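Engineer: As a plain string of letters, each chain reads:
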Amino acid sequence: MGCVRGMWMRNLWAFIPGLTVVAAILAVWTLAVIPMNAHLAADMAARGDIVVTPKAPADRKALSGVTLAAKNPAIMAMTYTLERPRLPSPHQVAGELYKTVFATAPTSRRSLVHHAWVTLSATLLGFAIGTTLGILLAVGIVYNRTMDKSVMPWAITSQTIPILALAPMVIVMLGSIGIQGLLPKSIISAYLSFFPVVVGMVKGLRSPDGMQLDLLRTYSANNSQGFWKLRLPASMPYLFTSLKIGISAALVGAIVGELPTGARAGFGARMLVGDQYGQPLVTWAALFGAAITAALLVGILSLIERQTLRRMGMEAAV
Amino acid sequence: MTDATIVAAGLDLTFQTNDGPVHALKDVSLDINKGDFVSFIGPSGCGKTTFLRCIAGLETPTAGTLSVNGMTPDEARRARAYGYVFQAAGLYPWRTIGGNIRLPLEIMGFSKSEQAERTARVLELVDLAGFEKKYPWQLSGGMQQRASIARALAFDADILLMDEPFGALDEIVRDHLNEQLLQLWARTEKTIAFVTHSIPEAVYLSTKIVVMSPRPGRITDVIESPLPRDRPLDIRDTPEFIEIAHRVRDGLRAGHVDA
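Going down the list, the sequences are from chains A and B. Residues 1 to 318 (the numbering used here) are what the first sequence spells out, left to right. Residues 1 to 259 (the numbering used here) are what the second sequence spells out, left to right.
Here chain B stands alone, though its shape is the one from the complex (with noise of 0.2 Å):
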């Protein structure tokens, strides 16, 4: 495992509520390769944003090791090692679409020249040329979670850690966004790490299924994906998908039943 990019062992978090601590992860241990497609899936509580959390150094560990490529999460994010997308778009409605892909490479210094030629080459890889002067408004929400993708692209991590990017969309924009990710996936050989609540999107989209349980946040199953890098959407109806899904499945039950 030498090439693993982002490394945990042991991680625990506990968080001190007015409620009382919330054992938010416990001894949670998990290698993601590069070039891995990684789906966190679990009931709500179970710790699969924290972990999101973590990795991005939004969140501190009370305890274990977390690296990501080799550094702590903190120099990571400053490495601009990552690339993150929240449940929401969250475009600033002020920007226009072209200017909220921007907004990265302003903080981060790059010359106005490189913003228009990486803005341009992302809005063509998240499918959106032309629509650089729009806001966010005149955009449907599919659209706009895709501009919030190229954003997240715009400088170039090798990481792009996905918070239920699509949660929020219906079935049918939500398949063909995942499509379009796997598409993504294949040209950029980015690392992804993404959390959802839904079984056969997990299993559509990753390499590596990771399931967990809540109360507290643990891992309960790992599961390495047999199915081939190229998959069209009806892969979905076929035996082996089913089985991974069975077993995604069987995996989250077992969770609750002994939480």
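Chain A with its partners taken away, still in its complex shape (with noise of 0.2 Å):
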């Protein structure tokens, strides 16, 4: 009993350096809340009969926010629940999340898992072209003298330009020759997931050293033998590290498919809509679906991580 106490002290310990920050984040961000919304929350209140100081908007609008919430202290616990606000309090945002997530059924227009499915399928998609692509290019790149010379340059020349400005010809130029819906979001997916894989790739194929490499030799064994006995089951630490990367590039990669298109589902378009129609926390709250999405999904690949070098016998190395 005690010894099982002490592991769920010791477990809670583990979480403490995390949670301080979280809980600093929470502090911090509950407190920018009165002074963004301050002049928000002052005009609503002068037009509910309330007495604001000062009195004229334009002289309010001269002062900063926190001179005007320290003016007017009445006007404090509105920043918090105006149903427009210029920053969402963190108790509004977690209302939202609850509201479109669990209390709106998933096949509703409405509902957040709807959005996030759209988005999720396209991110899914694309990782897996990228991930394809990423390890096909990093065997080239290992195996043909050719390729080790030319592919690296270009696959670091594009990742330079900004996706933002690609985004939208990707999308333009695949729906003028009929292409739409999932595939050019899970293009420009694909196109940022590539790279830390083929980095990733690169590397742990090449991790074995000259003695591992020469006792094959010793072995007269061929190229592809030394591929899947050695140069492959070496480099899957290095993999799975990439993959948590690249799948975090893919959701960025569908998101932002999302925005020139005026596409009507998914989280970059729910983000879209939220900024147009003056809907902050439809903003945010896609934001943070966007968010725990992504942390899923490299916890899943950590799982998978953790799982599967137990099964090679290489938990001692991670």
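Hints listed in this document are in silico derivations from the structure and should not be mistaken for laboratory results. Wrong hints could be hidden among the right ones.
[What the hints assert, rightly or not] Which stretches of chain A does chain B cover? Using the computed rule of at least three CB atoms under 8 Å from a CB of chain B, they are:
| # | stretch |
| --- | --- |
| 1 | 166–178 |
| 2 | 207–216 |
| 3 | 301–314 |
Here the structure is a predicted model, which is why all the values come from computation and not from measurement. Note that beta-carbon positions come from the ideal geometry of N, C-alpha and C, so glycine has one too.
Bring the two chains, given one by one in their own frames, into a single complex with the hints.
Structural biologist: Written out as structure tokens, the structure is:
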């Protein structure tokens, strides 16, 4: 019993640093709500026959949020409950998330689950394309001298082009030849996620040292035996690190792919809608939805990583 | 010398490096007979490892002739003439000990049943029976090196090339492994070429000791050991042993003086 409780305590202690950071962020956020929304709250209060100092809207505009809130303690509470705040409070965002995730049928167009799935499907398809492409390129780079000299500079160059500039071009170009919906977004996802996979896999496939390669030479092993028996298994830890970076990049790609086309569904579309129709809560909920989705995806990959490496007897290396 | 397994005549090997050419081997001539235990000893840079790698076909001499079992080193390698044991065990961490020993057998296309049979046999030979399903990190350094010897024995090559296999181990483990290696050699009748830094190790193990010196790498002395083949560890306190050790040391020193 004592032992079990001891373990619980230790596990709890392990969370303390992380929780402290989260608490600090929430505290700063909560405090920032007051000055950020002070002007909106003051305007509303003035309309509702509450006396606000200074009286003239123009005079209020000249003041900073902090000063305005300090002169009118009465409006402080209001800054947390505005329907269209400049900065929503944490509990408003949490409420919106709860409403759109749990209190709305997933089939409804207002459900964030529905929008999450739209983005997620594009993300996963793009991630699959990007990972496959990345691994194939890495194999080419490791085994082919010409590719070794030529591919990497292009891969690096590809990542220096701002995706925000490229995404609309891809969408419009593919749209003009009749390809719409999932695939264009997935291609942008793949474009962002192949790169970490190439870099990681090249390093991973090259990780066996000279002695291990010599050992295979003494067996007169051919290239394909060297690949399947040595290089590929040796690259697994590198692959998983790359996949974790790649999948978050793929999610960003899918969201960016939703922005320029006036897409009607997906996290990107929700962010845009919230922005255009003055519904910050919608934007913020979509933002947090995307962050939570990314965390879940990376978490799932970490789990698979641990399982795989344990099965491969490499847990000591993790 | 009709039963010479490895014959080197006038071997030269020059590496081209950024600092200019390095003369790794110069005019190395040596016969290794079937069933010999030959040690190569000398300071670093004397070419002892390079010579071993030439026999294995991992390096190609720039001049001279080298034959292994009457073939070129490349042909001999393809004919599975030798097993190579490196300085580090180099076991694949993702394979069990058994899996590591099966690695050459898989590559060489042995059947599953033969793989199992051979793995069991060589594990027995290096005293690791029962460790087949363990992973390398679960074994001590000495046990890992024994597993790597088993891996080199698995496909029944006549020749065992060993490049400082016990260099990274402490002296107690090393003594133990030396004793085991001699027993293994007696039982399997392999021809062994063994690179080492240690004079006692070389004298204790070998029927023939090749003393080498650096810049350029060359042979300065070849000592045929008068010690009997059956050697308990305490043979190292006999006058014969000490005398041979003395001669090896002299050879090493001479190589240094004119270097």
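Engineer: Count the residues of the stretch 166–178 of chain A whose Cβ falls closer than 8 Å to any Cβ of chain B, and tell me whether that reaches three.
Structural biologist: Violated - the stretch 166–178 of chain A has 0 residues with a Cβ nearer than 8 Å to chain B, which falls short of three.
Engineer: Are at least 3 residues of the stretch 301–314 of chain A within less than 8 Å of chain B when you compare beta carbons?
Structural biologist: Contact hint for the stretch 301–314 of chain A vs chain B: holds, 3 residues under 8 Å.
Engineer: When I compare C-beta atoms, does the stretch 207–216 of chain A have three or more residues closer than 8 Å to chain B?
Structural biologist: As far as the stretch 207–216 of chain A goes, the hint holds, because 5 residues have Cβ atoms under 8 Å from chain B.
Violated hint for the displayed structure: number 1, the only one.
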